[in-house]
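Sequence order for the protein chains is A, B and C. UniProt numbering applies: residue 1 is where the first sequence begins, and numbers increase by one. UniProt numbering applies: residue 1 is where the second sequence begins, and numbers increase by one. UniProt numbering applies: residue 1 is where the third sequence begins, and numbers increase by one.
Worth flagging that the hints you see were computed from the coordinates, not collected in a lab. All C-beta atoms in this analysis are idealised placements derived from N, C-alpha and C, irrespective of residue type, glycine included. Wrong hints could be hidden among the right ones.
Counterexamples of contact, computed for chain C against chain B with all Cβ distances above 10 Å [to be verified]:
| # | residue |
| --- | --- |
| 1 | 26 |
| 2 | 35 |
| 3 | 55 |
| 4 | 94 |
| 5 | 136 |
| 6 | 181 |
| 7 | 188 |
| 8 | 195 |
| 9 | 201 |
| 10 | 229 |
If you want a taste of the chain B side facing chain A, the calculated C-beta under 7 Å gives, among others [claimed, not checked]:
| # | residue |
| --- | --- |
| 11 | 78 |
| 12 | 217 |
| 13 | 310 |
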Amino acid sequence: MLSVEGLTVRADATDLVHDVSFAIAPGERVGLIGESGSGKSLTALSLMGLLPEGVTAAGRARLGERDLVGVPESRIKGLRGDELSMVFQEPMTALNPLMRIGAQVTEVMTLHGRSRQEARARSAELLERVRLPEPAQIARAYPHQLSGGQRQRVMLAIALANEPRLLICDEPTTALDVTVQKQMLELIAEVAPALLFITHDLAVVASVCERVLVMYGGRVVESGPIREVFTRPRHRYTQGLLAASKLTPRGTRLPVIEGGVPAAGRFPGGCVFRNRCPHATPECETPPALTGDGHAFACWHPAD
Amino acid sequence: MILYLLKRLAVLLASTAVAAVAVFAFMAVLPGDPAEIALGVNATPDAVAELRKQFGTDRPAVAQFLDWAGGLLQGDFGTSYVTSSPIGPQIGDRLGVTLVLVLGGMVVALVLAVPLGTFAAVRHRDPLGAAISAASQLGIAIPAFLAGILLVFVFAVQAQALPSGGYVPIAESPGEWLRSLLLPWLSLGLVQGAVLTRYVRSAVLDVMREDYLRTARAKGRGSTGALWRHGLRNASIPVVTVLGLQLATLLIGAVVVERVFVIPGLGDLLLNGVAGRDLLLVQGVVMVLVAAVLLINFVVDVTYHLLDPRLR
Amino acid sequence: MSRRTSAKANRGRMNAGLLAGGALVALVVLTALVSFFWTPHDPTLVDAAGKLREPGGGYLLGADKFGRDTFSQLMVGARTTLYVGVVAVGIAAALGVPLGMAAGMTPRGWLSELIMRVNDLVFAFPALLLAVMLGAVYGAGTLTAMIAIGVATVPAFARVARAATLQVMVTDYILAARAAGRRRGAIALRHVLPNIGSMLIVQASVSFAIAILAEAALSFLGFGTRPPTPSWGRMLQESQELLFSTPRLALWPGIAIALAVLGFNLLGDGLRDFLDPKLRRIRAER
Chain A
1 MLSVEGLTVR
11 ADATDLVHDV
21 SFAIAPGERV
31 GLIGESGSGK
41 SLTALSLMGL
51 LPEGVTAAGR
61 ARLGERDLVG
71 VPESRIKGLR
81 GDELSMVFQE
91 PMTALNPLMR
101 IGAQVTEVMT
111 LHGRSRQEAR
121 ARSAELLERV
131 RLPEPAQIAR
141 AYPHQLSGGQ
151 RQRVMLAIAL
161 ANEPRLLICD
171 EPTTALDVTV
181 QKQMLELIAE
191 VAPALLFITH
201 DLAVVASVCE
211 RVLVMYGGRV
221 VESGPIREVF
231 TRPRHRYTQG
241 LLAASKLTPR
251 GTRLPVIEGG
261 VPAAGRFPGG
271 CVFRNRCPHA
281 TPECETPPAL
291 TGDGHAFACW
301 HPAD
Chain B
1 MILYLLKRLA
11 VLLASTAVAA
21 VAVFAFMAVL
31 PGDPAEIALG
41 VNATPDAVAE
51 LRKQFGTDRP
61 AVAQFLDWAG
71 GLLQGDFGTS
81 YVTSSPIGPQ
91 IGDRLGVTLV
101 LVLGGMVVAL
111 VLAVPLGTFA
121 AVRHRDPLGA
131 AISAASQLGI
141 AIPAFLAGIL
151 LVFVFAVQAQ
161 ALPSGGYVPI
171 AESPGEWLRS
181 LLLPWLSLGL
191 VQGAVLTRYV
201 RSAVLDVMRE
211 DYLRTARAKG
221 RGSTGALWRH
231 GLRNASIPVV
241 TVLGLQLATL
251 LIGAVVVERV
261 FVIPGLGDLL
271 LNGVAGRDLL
281 LVQGVVMVLV
291 AAVLLINFVV
301 DVTYHLLDPR
311 LR
Chain C
1 MSRRTSAKAN
11 RGRMNAGLLA
21 GGALVALVVL
31 TALVSFFWTP
41 HDPTLVDAAG
51 KLREPGGGYL
61 LGADKFGRDT
71 FSQLMVGART
81 TLYVGVVAVG
91 IAAALGVPLG
101 MAAGMTPRGW
111 LSELIMRVND
121 LVFAFPALLL
131 AVMLGAVYGA
141 GTLTAMIAIG
151 VATVPAFARV
161 ARAATLQVMV
171 TDYILAARAA
181 GRRRGAIALR
191 HVLPNIGSML
201 IVQASVSFAI
211 AILAEAALSF
221 LGFGTRPPTP
231 SWGRMLQESQ
241 ELLFSTPRLA
251 LWPGIAIALA
261 VLGFNLLGDG
271 LRDFLDPKLR
281 RIRAER
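Work out the full structure, taking the sequences as your base and the hints as a guide.
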């Protein structure tokens, strides 16, 4: 349903995301993990056509038969909020402070051709569906009267309003309290049609997704079914990441990855991870390709 | 909201009262007795005392103040010691002229600043956006009276298209009235428009970076549509504040512009009053201008609260 | 994210506005300094023979209706402008900064409320009205103009000092100093003032520009600098009746005022970007 091929995101002459390819089938829940600066958010924003000023995307991304990348905004905006929706990281600032919640929910429906009346009735349903208590009261409230968790539910209601084919969530729970996080994740897993879930939190991915893409330095370095990738990581970066998150059984070595994530444009040529990798050899100066069926990885010296 | 309104109203009334005391006290310090001034140097002490009694200036300051302030409440500004004519009607006549001048200037400023500032923000990376910014920076540096002189030079001296000064009441000839006000409006409006353009630009720029604008686009709006529907109202909040400050500035700017264009407004009345040592007149005009500034601040605060639900 | 990095990149980098503003201000200051030692002619020398002399022959910009050399008048006028600006901004800062800081350090106290209310009240008395009132009592002149502009500018300083102080007061090092039992006065002087200093410098620059405008307007109305001391505003006023015959007399002082104001405005904006992009949150008050 969603297919991305050779997606590259650039600011000036720097590649922030390089040659990323993946696909999402209907109903599938895919996680995109990586540290900040790995390019995961830019990947998502480029699919929505919402890249910041001065940042451009190239390559090919299609949702069904419609192109998402390299088309003018006038052609892609009909898809946004309709077939393709997104929930952002920061619920506190994502809603218009001067507009009532109800109006902000109905807006996304009237924009895509529903009548005002129908939209209003449906917005009450939606608020209920994302488990907001007293939907009628919430609809009349302004954003500042709601908690962060409530606002994120509203964002989710907006995203689901037109029954999209794909929901993109960019760290939707990072800004929330731990207790609220869990409820939110369960809700997303329950209501999402097909999901691209972006996070730096491995535990979160494990609880929501079936398949995972690991990004580092703007590239996908490993991908595959959650269970396989997490129990048997092949790329050395994934291995380090898992070790650092203590998801692996106790006693394994390498608790942290040496060094820090380089700034954009400062990644080494060849394998982007080689300057931090304990297994790097001169061979790693040649970029490794992402290979493998199902469970794929881009590493010259994979772990077993 | 009602509570806020009442509280703010109380502050307005209290400030106006304190301002009245301040204005009165200030003028009371003035050396020189109105009665002595009126009668000249050769007056006999008896005659001066007599006139003092007639003016009421022989009474204690507090009594005089209460008298004056009580009169103000009824729209009575007292009778001039110099011209012996009542001050209230004079102020009333002139206030209308000044209001038309100020509001016209504000309209010019808004008509210029809102589109230009928004455009400069949306196109802030283009040379054209930068050019608007630079032009507004230059416009701020030109005082209204200088703008007036320049406009007179261009439109009255060179082009001979408009009068260089003078004022024609609307009842006399609406066309001439308009012609006599065009240049004064422009002098006030161009300068204030330049200031406002900068504020509109920065307010819109701030809003353009807000997350909720991205949300609006994620809902399916184009970037222009998102800015239009969600951005401008948010951007208007800081602009309204500046607008209020500017109205106050315009009121004072009008005093100077009236002098440039020989327009019989409040400023002209004030300066004539000072020149003629007509204290009560000066006191009255100053009070009206100060009250107007306080009232504008009040309206701005209330509007601000109406626009922003977070403050309600 | 991109916003943060670009703000960081801007910090400490000279921008075009700062350079242009600095250059214009330096030009005005230099002109004023030179005028103490040298002007082409005596700027106050009335010379009936040289009435409305055309530019040229030692009179670079010509002479006015009294035969006074325009260029020399402009040079000495720069002095007047700076003098009024420095004193007015000095008065405003000396009164406004302590008041604003006091209000910012006791945000919920009655003192803060009182200061801000009085502030609002003073704000209702613009420089021009104060100058007219002062002029009516003490006779108009440079001194009354300076005091009027200074007092009218106090609220701007107080507001900015308060806003900046409020921001500083919640930072960790102030909390630490307060927890350590430091006296308020000591905290104000050692911790708050240095941290709001850059904002105050920006405000001073912007206020200076406004003071120049106000002085020009007051002199234009006859409530500023008295003759024969040259002043740009009065030069404009004197030139107005000759606008039809000798427009250059209005042109030069007009350009001088505009350039000086432009300089201080650009300097203020540039300084704000240069000193700390975070300051953008607190705008200088006009």
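Each hint, compared with the structure:
With a cut of 10 Å on Cβ distances, residue 26 of chain C stays outside the contact zone with chain B, its closest approach being about 16 Å. A cut-off of 10 Å between C-beta atoms confirms that residue 35 of chain C is not in contact with chain B; the least separation is 22 Å. Even its closest Cβ contact with chain B, about 18 Å, leaves residue 55 of chain C beyond 10 Å, as expected for a residue assigned away from the interface. No Cβ of chain B comes within 10 Å of the Cβ of residue 94 of chain C; the nearest lies about 21 Å off, and the non-interface call holds.
For residue 136 of chain C, the shortest C-beta to C-beta distance to chain B comes to about 5 Å, within the 10 Å cut-off, and the non-interface label is violated. Non-interface status of residue 181 of chain C relative to chain B is upheld: no Cβ of that chain comes within 10 Å, the nearest being about 36 Å off. Look at residue 188 of chain C: its CB is around 28 Å from the nearest CB on chain B, clear of 10 Å, so calling it non-interface holds up. Its beta-carbon lying about 24 Å from the closest one in chain B, residue 195 of chain C satisfies the requirement of being farther than 10 Å from that chain.
The claim that residue 201 of chain C is not at the interface with chain B holds, since no C-beta of that chain comes within 10 Å of its own (minimum 19 Å). The claim that residue 229 of chain C is not at the interface with chain B holds, since no C-beta of that chain comes within 10 Å of its own (minimum 20 Å). Checking residue 78 of chain B against chain A by beta carbon gives a least distance of about 47 Å; that is not within 7 Å, so the hint is violated. At its closest, the beta carbon of residue 217 of chain B sits 6 Å from a beta carbon of chain A; the interface hint therefore holds under the 7 Å criterion.
Because the beta carbon of residue 310 of chain B sits about 5 Å from the nearest beta carbon in chain A, less than 7 Å, this interface hint is met.
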